[in-house]
Amino acid sequence: MDILRFITAGSVDDGKSTLIGRLLYDSKSILIDQLEAIEKQSKNRDSGEIDLALLTDGLRAEREQGITIDVAYKYFSTPKRKFIIADAPGHIQYTRNMVTGASNAALAIILIDARNGVVEQTRRHSAIVSLLHIPHVVVAVNKMDLVQNSPDVFNNILIDYEKVARNLGLKDVKYIPISAINGDNIVEKSPNFPWYSGVPLLQYLEEVELESDVNLTDPRFSVQYVIRPQTEDLHDYRGYAGKVISGIYRKGDRVAILPSGLETTLSRIEIGGQEVEEAFAQQSVVLHLEDDIDVSRGDMIVKSDNRPQQSQECKAVICWMDSKPLKPGNKYLLQINSTRVKSVIREIHYRLDVNTLKQEPQPEKAALNDIIEATIKTATPIAFDDYDHLRQNGGAILIDETSNVTVGACMLQGLN
Amino acid sequence: MSKYHLDYLAQLESEAIHIMREVAGQFERPALLFSGGKDSISLVHLALKAFRPGKFPFPLVHIDTGHNFPEALQFRDKLVEQIGEKLIVRKVEDTIREKNLTEQKGKFASRNALQTYTLLDLIEEFKFDALIGGARRDEEKARAKERIFSVRDEFGQWDPKLQRPELWNIYNGRIHKGENVRAFPISNWTELDIWNYIKSEKIALPSIYFAHEREVIRHEGQLVAVSEFIIPDSNDVVERRRVRYRTVGDMTCTAAVESSAYSIEDIISEIIATKTSERGETRIDDKVSEAAMEDRKKTGYF
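Going down the list, the sequences are from chains A and B.
Using my numbering, you'd call the opening residue of the first sequence number 34 and step up by one each time.
Using my numbering, you'd call the opening residue of the second sequence number -14 and step up by one each time.
A portion of the hints provided could be inaccurate.
Here chain A is said to cover these stretches of chain B; the calculated rule only asks that three of the stretch's residues, wherever they fall, bring their Cβ under 8 Å from a Cβ of chain A [unchecked claim]:
id	region
1	-10 to -2
2	1 to 11
3	31 to 43
4	48 to 60
5	141 to 151
6	155 to 163
Everything labelled a hint here was simulated from the structure, so no lab data went into it.
Glycine residues also receive a C-beta, built at the ideal position from the N, C-alpha and C atoms.
Make the full structure from the sequences, and use the hints.
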């Protein structure tokens, strides 16, 4: 059993909350008391239907306004997988929330209302999925019941979306006709789509192959904390605690410490106090080094023959998340994994119109929810990979040093 | 599957350890809030994996409402002795006396709301800048929206509309003086995940999690144990039932469930078959209003 983290993109009108409610309901992840609570509130009580959408609205303001403001996390599991849904709002004024939800997702469900087809919002959501490099996409064509379950409607949407996908470079796209409100093609294959030869949505979510998403070739490790017991019997113990971001580390590996560049050998690897021969991506471990080198939080330990880029300057696609605008010359703290450095925004190359994908060259500033590309200069060199190549070591945040708020999400890219 | 594949529990464990180490790396004076329940016992287990053979970079703190299950307190003291870490206990009783607070009246009077005062005093006394807690997002709707690093102002208040974006696995723990962060390493775990983890790691728990006989009364359909804090009145029918606890909170606001689960395996089967959520079945205090938890969190509650 493994974990699939996915995001659902769409608005209430597309039936997004209904779809999530349906997945939770049909996988029996909703329990009686929670159902009773939403039954009490269901707006369409007259029709006798439970409003599954109410399951996902967590904050009072959201219930009052009937919209999703913030990312909510929902959980369900089947015997095959544990699922974590990042339920993010779909409106343009919440682009930053969608980017947040998308940052950890391995799959995105793009909801399309069968009556409307591919619309501006579909393009915007797909652009964010592409920018954040979510590896798998499901286009769920919803409300098929309202178009008489027509294969022509479905196929036309498929043709339209393929253009969008090609434009954005989305690779793994799956198309599934559904009716969330009726539960058609969610858990069981629906008899209403005899022309559809694929699997229902949940089965696809259970079976989509995730192993190849994990990078096992480029070893990256960011030191979080140094374990030094300093007791009598362990006074020489010095372990570097952190999570293997990607790749595989083996005892005896020749490694380099960044930013210093000093080289040494991995003398010991521990997981949960037990010594092991090797450690791989996503494991939290403790590494020991042969030589007594100065290593502290934020340093990287990498294989000496496979190093990330090291530079004081890089390009970044930035989603701006603060109400104070971003302007060239502004200074922020840049944090990548456990490393934090001072940085300054050089020039802004363009602003991306997420609806049309047109680039507006050299804007003066970026406002809340804008997506721009800029050059960032850091006070000391940072060790990073191109986001397109390795999400886990190419994503960084910008922090406003005066408010301490996270103000930007950066997808880094080397200058060359 | 290749041998470089992490099972889902191993993924959750690794994520939780990563979060704890971020707390240790980013804050000067963190603490781990320990209630004696299964979630905080699991946190201690995760901390052992994150920091051994070193000492924990934080003490355990317990806000003692005075309404605890005796079994939970005994378990707490034994565990602390076993792992050799520091435990700080502050009593709600003392806060009530010192601050002249008014207690709820009536049979199910709970100190749940009052413990926030003790917690905020404790934070001030020790200048804690981060508190690790065992809250899970599956517990409740307001919790589903809370960040893993959740910033609280100097009054301990949570502002759900002003939460920092939290991207990838990057945690921003920068705060102003007087503020603190509540960090939730097991945010992404469900009740069933916790039980599966307890089983696979053979984590010991207080005996009240397992089926035992107890004198109870019925309160709005829930079973509440008769104790020095819950004294039956003339309308109550005292029954002897075989029960266990799904959560361990105060004796005044935690209900028992009928059960014959004597082992972790039995408990897991019961949870898979259950029709009611953990909080819905066992917490008397959440039934008050639709937004009960949201309101409590806004005023500094965990």
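Evaluated hints:
Interface restraint, the region -10 to -2 of chain B with chain A: holds (8 residues with C-beta to C-beta distance below 8 Å; minimum three). With 6 residues carrying a beta carbon less than 8 Å from a beta carbon of chain A, the region 1 to 11 of chain B meets the three-residue requirement, and the given coverage holds. For the region 31 to 43 of chain B, the proposed coverage by chain A is satisfied: 9 residues have a C-beta within less than 8 Å of a C-beta in that chain, meeting the threshold of three. Given as covered by chain A, the region 48 to 60 of chain B fails the check, having 0 residues with a CB less than 8 Å from a CB of that chain where 3 are the minimum.
A stretch counts as covered by a chain when three or more of its residues have a beta carbon under 8 Å from one of that chain; for the region 141 to 151 of chain B and chain A the count is 6, and the coverage holds. Chain A is given as covering the region 155 to 163 of chain B, and this holds because 5 residues of the stretch bring a CB closer than 8 Å to a CB of that chain, at least three being needed.
Of the numbered hints listed earlier, the single one contradicted by the structure is hint 4.
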